[in-house]
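Using the sequences and the hints, build the whole thing.
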Amino acid sequence: MPSSSNLKTQTDNLFERDQFEAFVSTLAGTEIVHQWGNASVGKVGGKIFAIYSIWSTDNTWHVGFKCSNLSFEMLPNLKGISPAKYLARAKWVDVSPDSELSMDEIKAYIVEAHRLIASKLTRLKKSELGLDIPAFAREKAEKL
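In my numbering, the protein residues as written are 1 to 144.
Misleading hints may appear alongside valid ones.
Said to hold, decoys possible - Simulated crosslink set (BS3-like; lysine-lysine; CA at most 27 Å straight-line):
| id | residue 1 | residue 2 |
| --- | --- | --- |
| 1 | Lys-125 | Lys-43 |
| 2 | Lys-79 | Lys-125 |
| 3 | Lys-47 | Lys-125 |
| 4 | Lys-85 | Lys-47 |
| 5 | Lys-85 | Lys-120 |
| 6 | Lys-120 | Lys-43 |
| 7 | Lys-85 | Lys-43 |
Worth flagging that the hints you see were computed from the coordinates, not collected in a lab.
Below is the structure:
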């Protein structure tokens with residue numbers, strides 16, 4: 001599972017819009033956009049990495065995020081997590097409030113989603129957003 005030393009924020013429940021937005025906004029170069037039926041969409045460099053939406057069939061607000069190939073294979077086997085509607089082909093999952101993941105685990109996956117998307121941005125875009133290019137390059141090289 002992804003880890004981050006900066007997960008401690010004022011957010012206790014990412015299934016509340018204001019707390020989802022507050023946490024996502026702490027990640028470098030992030031903007032929050034309201035679109036697609038009033039979903040809160042976390043973007044870095046104009047590309048989405050996390051979403052707070054009600055696209056689920058149970059009419060509750062869920063959290064979705066981009067994940068690695070391995071996480072995409074593993075996470076839908078857990079209670080309350082499924083491939084994300086409309087975004088599953090791009091390795092996204094949808095997490096319901098009753099999922100087996102803790103808030104800290106969800107935060108860690110969102111941090112990883114941010115890193116996955118940001119690592120694919122151009123060097124110029126990373127520089128414009130204040131992202132640490134050497135750190136992203138190092139993390140990408142470690143996966144090879």
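Hint-by-hint comparison with the structure:
The hinted pair formed by Lys-125 and Lys-43 meets the criterion: a straight-line CA distance of about 13 Å does not exceed 27 Å. Our distance criterion of 27 Å between C-alpha atoms is broken by Lys-79 and Lys-125, whose separation comes to about 37 Å. Under the criterion of a C-alpha separation no larger than 27 Å, the hint pairing Lys-47 with Lys-125 is consistent with the structure, at around 11 Å. Straight-line distance between C-alpha atoms of Lys-85 and Lys-47 comes to about 18 Å, which keeps the hinted pair within the 27 Å bound.
Of the pairs offered as hints, the one joining Lys-85 and Lys-120 holds, with about 23 Å between alpha carbons and a cut-off of 27 Å not exceeded. At most 27 Å may separate the alpha-carbon atoms for a hinted pair to count; Lys-120 and Lys-43 meet this at roughly 13 Å. Taken as a hint, the Lys-85 and Lys-43 pair is honoured in the structure, with Cα atoms around 18 Å apart against an allowance of 27 Å.
When held up to the earlier numbered hints, the structure conflicts with hint 2 and nothing else.
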